[in-house]
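A.B. asks: Please work from the sequences and hints to get the whole structure.
Number of protein chains: 2
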Amino acid sequence: MTANNDKAKKITDAALALFADRGYEMTKMPMIAEKAGVGTGTIYRYFTNKRELLNALYQSCMQDLLAALQDGYPYHTSIHEQFNHMYQNGVAFLKQDTRISYFISKHNFNPDLDDKSVAAQQQVLDFIRAFVEKGQKEGSLKQINPDVFIALLYGSLTFIMDFILHTDAKKDQFERSFNELREASWDAFQNNSFGKERN
Amino acid sequence: MTANNDKAKKITDAALALFADRGYEMTKMPMIAEKAGVGTGTIYRYFTNKRELLNALYQSCMQDLLAALQDGYPYHTSIHEQFNHMYQNGVAFLKQDTRISYFISKHNFNPDLDDKSVAAQQQVLDFIRAFVEKGQKEGSLKQINPDVFIALLYGSLTFIMDFILHTDAKKDQFERSFNELREASWDAFQNNSFGKERN
DNA sequence: AAATCCGGAATGAATGTTCATTCCGTTTTT
DNA sequence: AAAAACGGAATGAACATTCATTCCGGATTT
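Going down the list, the protein sequences come from chains B and E. Here full-length UniProt numbering is used: the first residue of the first sequence is 1, the next is one more, and so on. Here full-length UniProt numbering is used: the first residue of the second sequence is 1, the next is one more, and so on.
No lab work stands behind these hints, which were simulated from the structure alone. Hints are not guaranteed to be accurate.
Same chains, same names: a pair is fine if it fits in one copy or spans any two.
Unchecked claim - Calculated cross-link-like contacts (lysine to aspartate or glutamate; reagent style EDC-like; alpha-carbon spacing at most 20 Å):
no.	residue 1	residue 2
1	Lys-137	Glu-180
2	Lys-134	Glu-180
3	Lys-137	Asp-6
4	Lys-137	Asp-115
5	Lys-116	Asp-162
6	Lys-106	Glu-25
7	Lys-116	Glu-180
8	Lys-116	Asp-71
9	Lys-106	Asp-21
10	Lys-28	Glu-180
11	Lys-28	Asp-13
12	Lys-50	Glu-25
C.D. replies: What follows is the structure in structure tokens.
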């Protein structure tokens, strides 16, 4: 029982690291087994196939991401504060375990993701969408397609993660970049239609 | 000679469509051959292997993208106009052949890209970076890491392309989204440190 | 309490499949 | 009629998955 969870955990851990590093297709089952310190066949006692392993992992990451975004969410404060909270929680989540961020950014829209995985991603996007719509009703956010908002946030964040991974950029330098990106993103979306009478 | 180019063109065309749709790994050489109306072996008369085919395609796309960004670039106008020009040219390029956009967004940072491909991508990023740095010298753009700018532009655009591809969003609806994204991106980066106090 | 038995977890060599690449007979070009 | 280009079947390496066997810890018998 405990031993079971133990093995499953070792397997998902190894798979997460390898998928994040090399991607789904480039990761071979025996690699996962070796990294997990387990026989290849053992993986199939816990996951019916490679694809299911990917999906289990993806769903778990999405659930954790959603939980991170919602954690301590200040529903009662200003939209700007809510935005900062969401952004900072998201970034903290991504940085807390970079394997997770690389894994997510590498497997978004992967055709091997099943319906449950897509649904899990939708839950995350819906949470952000709800925030946007609330801000728009209030008039604090521009009246634009919420998916544009999502694309800007999610797209720029995953891109910059890839960028960090694939260039020898120093991590601490990007600490600052995340803040710049947060502020720039806020300026992108706050409704400043009165502040700028001309453009 | 003419026949040669003809076949090579058919092959790269088929490969572009398939790579864009299914990705590099999921595309099999016989698929490319069939779609190109050509024997499998014939591909190897024009490309030494699958990887080289990917790279030839990627480099050609990056060159075209760079050319599109530079085409009619208004070097002597305001930064805002330069931004709009670059953005609109970029979007027009991506929309003119969606296979190209999906191909690019799916293969950025792919480990099978070789040095020449990475260099070709760098050229594009450098062009954008030069624009940012000029705008920053002028004081029209925020003093942030130019790579953050690039991540926001490039990341949000490729994400929204994927979004369009993987949801049944209507194309014409996104016509509008591209404009919203352009305006939001501009607001993200323009230096509004003086205007801000009035909000 | 030692010896034996048992169930099912774990294993990794064997299997079968899926391709990238090659090879060679045929067709087209020169 | 030689040379070059072509097609697509053949090849073999790489890989996901399977399955006959081992292993282990806990019950059952002596």
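A.B. asks: Going through the numbered hints above, which ones does this structure break? Give me the numbers in ascending order.
C.D. replies: Of the numbered hints given earlier, those the structure breaks are 3, 4, 7, 8 and 10, listed in rising order.
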